[in-house]
Amino acid sequence: MSINFKQIEDKLKTEAKKLLEGGKVSIVLAYGKGYDEKHPMPYVARKMSDVENMVFNEFCTANMARYLVRYPRGTKIAIAVKPADSRAVIQLIQEEKIKREDLVILGIPVYGMKNFKTGETIDSKTTCGRYNPVIYDTLLGEEVHGQPVVSPYDVLAEYEKMDKDARWAFWKKELDRCIRCYACRKACPMCYCDPCFIDQNKPKWGEKSPESHGNLMYHLTRFHHLAGRCVDCGECSRACPVDIPLYLFHKKVAKECEEMFGQAAGMKIEDKPALVNFRVDDSDKILE
Amino acid sequence: MKKTNFQDISDLAAQLMGKGTLVAPVKEVAGFNFREISDAKQVDLNFYNTLMSPKSAFFPHTEDFVRYDKNKFVLDAQCVELNLKPVFLFGVRPCDAKSFEIMDIHFSGTGAVDPYWKKRREATTIFGYAFDPNTPADGADFYSTLNIGAADPEGSDIFMMKKGDELLLQAVTPKGETLLSSLSSLVDASKDDEKYFDDTIAAGHSFKTRFTCVDEKVIAKKLEDIFLKTEFWEKISDACLSCGACTFVCPTCYCFDICDETLFSKGVRRRVWDACMFTDFTLEASGHNPRTKVYQRLRQKICHKYSFHVRKYGVISCVGCGRCTRNCPVNIDIFSIVDQALKE
Chain A
1 MSINFKQIED
11 KLKTEAKKLL
21 EGGKVSIVLA
31 YGKGYDEKHP
41 MPYVARKMSD
51 VENMVFNEFC
61 TANMARYLVR
71 YPRGTKIAIA
81 VKPADSRAVI
91 QLIQEEKIKR
101 EDLVILGIPV
111 YGMKNFKTGE
121 TIDSKTTCGR
131 YNPVIYDTLL
141 GEEVHGQPVV
151 SPYDVLAEYE
161 KMDKDARWAF
171 WKKELDRCIR
181 CYACRKACPM
191 CYCDPCFIDQ
201 NKPKWGEKSP
211 ESHGNLMYHL
221 TRFHHLAGRC
231 VDCGECSRAC
241 PVDIPLYLFH
251 KKVAKECEEM
261 FGQAAGMKIE
271 DKPALVNFRV
281 DDSDKILE
Chain B
289 MKKTNFQDIS
299 DLAAQLMGKG
309 TLVAPVKEVA
319 GFNFREISDA
329 KQVDLNFYNT
339 LMSPKSAFFP
349 HTEDFVRYDK
359 NKFVLDAQCV
369 ELNLKPVFLF
379 GVRPCDAKSF
389 EIMDIHFSGT
399 GAVDPYWKKR
409 REATTIFGYA
419 FDPNTPADGA
429 DFYSTLNIGA
439 ADPEGSDIFM
449 MKKGDELLLQ
459 AVTPKGETLL
469 SSLSSLVDAS
479 KDDEKYFDDT
489 IAAGHSFKTR
499 FTCVDEKVIA
509 KKLEDIFLKT
519 EFWEKISDAC
529 LSCGACTFVC
539 PTCYCFDICD
549 ETLFSKGVRR
559 RVWDACMFTD
569 FTLEASGHNP
579 RTKVYQRLRQ
589 KICHKYSFHV
599 RKYGVISCVG
609 CGRCTRNCPV
619 NIDIFSIVDQ
629 ALKE
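Sequence order for the protein chains is A and B. Its first residue numbered 1, the first sequence is counted upward by one per residue in this note's numbering. Its first residue numbered 289, the second sequence is counted upward by one per residue in this note's numbering.
Simulated from the structure, these hints should not be mistaken for lab results. A few of these clues could be false.
[What the hints assert, rightly or not] Think about it this way: if two alpha-carbon atoms lie no more than 25 angstroms apart in a straight line, the pair counts; the simulated BS3-like pairs of lysine-lysine are: (1) Lys164/A - Lys33/A; (2) Lys76/A - Lys24/A; (3) Lys581/B - Lys99/A; (4) Lys47/A - Lys463/B.
Remember, predicted model here, so these are calculated numbers, not experimental data.
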């Protein structure tokens with residue numbers, strides 16, 4: 001069975017029309033036409049007539065949960081979510097940035113998405129490797145079953161073979177290429193701090209120039225700010241114009257968190273974020 | 289006119305390295321980039337266009353102005369002087385060569401002369417490089433819309449073109465002429481080559497990228513007229529993440545910030561690229577920020593390039609290289625926005 005993108009697009013349009021017409025939501029966050037077919041864009045439908053511009057194809061990789069925090073609290077929003085995106089929605093609800101009752105979640109079960117910059121197929125290497133959204137009100141399409149079950153952490157095998165010095169050298173080399181455009185934090189659904197620590201200058205946490213120490217300060221801090229919160233959508237790595245494999249660090253931290261606290265980010269609305277929640281039986285591994 | 293075999297480019301590169309600093313395209317992880325060459329074999333002309341624009345040859349991402357020690361007297365601070373060897377900027381695409389002229393307006397053309405830009409500009413000989421006639425565009429670019437040809441020698445000192453297995457080199461300016469005649473690894477080109485050269489330049493002008501040409505004054509006026517149409521700007525900025533990818537890869541974005549960066553007592557005052565898409569770009573000392581919303585920032589970017597710049601300097605501050613479109617994480621296409629604006 002393969003994903004019928006056209007069918008999903010049609011269902012998306014029908015649902016969006018229904019929701020906007022009934023006044024149940026004021027905006028629908030989904031995907032729209034870009035400058036060509038291979039480059040669709042995040043799209044916000046406000047009126048019935050906007051719905052016609054919606055599309056859904058294998059290049060619609062953007063995580064729409066990124067845009068949720070942009071609208072005033074209480075705005076009724078319908079949002080199209082792919083598997084990892086649904087986890088971002090849950091995580092944002094856990095962190096009390098949005099309320100469940102303000103959302104209509106349109107789930108999209110999907111695999112075989114393609115990176116619009118390279119045309120490569122996106123798999124569990126850069127995403128969470130799930131096929132079905134964790135949460136939804138309406139499912140656009142059918143649940144995917146029978147696809148190989150893969151661990152999102154398999155890609156770490158090579159990385160984990162490196163010792164401490166090798167990892168340090170690896171990240172220094174990779175992060176030295178950073179141009180500090182901040183596309184990673186802006187594409188990230190969980191990076192909503194205003195202002196971001198790196199933009200503050202009283203105190204100044206890191207240098208603005210794209211050189212070794214400032215880059216390390218920015219990225220290492222961002223990596224750790226996302227500990228237990230990263231939903232592994234891979235958008236930061238795809239947004240990066242210089243292709244820094246940011247997903248490696250995020251996955252590594254996510255894996256450690258999951259092992260330590262027995263909880264992956266954005267899986268259950270009732271959970272509290274792992275690093276916010278104190279439990280007496282929490283692992284002390286970090287202190288050993 | 290001179291020529292050389294395409295596979296002998298490293299000989300030409302080596303010769304240029306002997307005369308000064310060579311900055312040329314090098315293949316890197318994420319694509320090609322202009323880098324200072326340490327090994328002549330690194331030079332690779334098999335590229336469509338570079339990821340980052342060549343503006344950094346004159347306007348580096350970080351430029352140190354003053355070095356100081358916090359424990360010393362203020363007059364002990366040292367100005368950073370530029371001592372440049374001749375620089376050869378090799379393999380610049382026609383649209384990018386055009387961008388330097390636009391940047392000149394800001395760094396030396398309006399009365400206030402930036403000494404760093406000027407020194408670098410004077411020390412540099414630009415080797416323009418025509419787009420391959422077989423692959424003159426990749427779908428993101430629109431340079432012909434802004435009246436730049438696929439093989440436009442304007443802005444280059446020496447213009448290069450690929451002809452089969454050969455690379456043709458033609459001097460465009462006296463500076464280029466002097467240099468070209470001193471390069472012994474090149475041989476004289478034939479009459480056929482000269483004809484091919486002129487034909488390709490002509491063909492480059494008739495090649496059309498997407499979007500039809502529109503008079504810059506019409507665009508400028510239209511954008512001015514719809515400046516206050518918030519609904520339009522909100523709509524087009526719905527997808528914008530407000531990151532700085534587009535401005536950093538852009539050949540004509542020239543905004544910068546002056547920062548003091550200190551490590552223990554040693555400090556440096558430097559210029560670092562800044563981007564109008566960042567929230568703190570317009571943050572004032574009082575705490576007031578005139579551009580807090582994404583649509584305000586994107587509107588500023590579009591209107592600056594296609595409207596204010598035309599009104600003030602008579603030219604659009606864009607060369608249609610397509611880098612912003614290619615590198616946008618959400619596929620925003622700058623000229624599509626202008627196109628939509630014209631239909632408003």
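**Asked** Can the restraint linking Lys164/A and Lys33/A be considered satisfied, given a maximum Cα separation of 25 angstroms?
**Response** violated, 45 angstroms
**Asked** Quick one, are Lys47/A and Lys463/B close enough, alpha carbons at most 25 angstroms?
**Response** violated, 59 angstroms
**Request:** Given the hint that Lys581/B pairs with Lys99/A, test it: the Cα-Cα distance must not exceed 25 angstroms.
**Result:** The given pair, whose Cα atoms are some 23 angstroms apart, holds under the 25 angstroms limit.
**Distance restraint between Lys76/A and Lys24/A, which requires alpha-carbon spacing of 25 angstroms or less** = Since the Cα atoms of Lys76/A and Lys24/A sit roughly 7 angstroms apart, the hinted pair holds (cutoff 25 angstroms).
Going through the hint list in order, the structure does not satisfy hints 1, 4.
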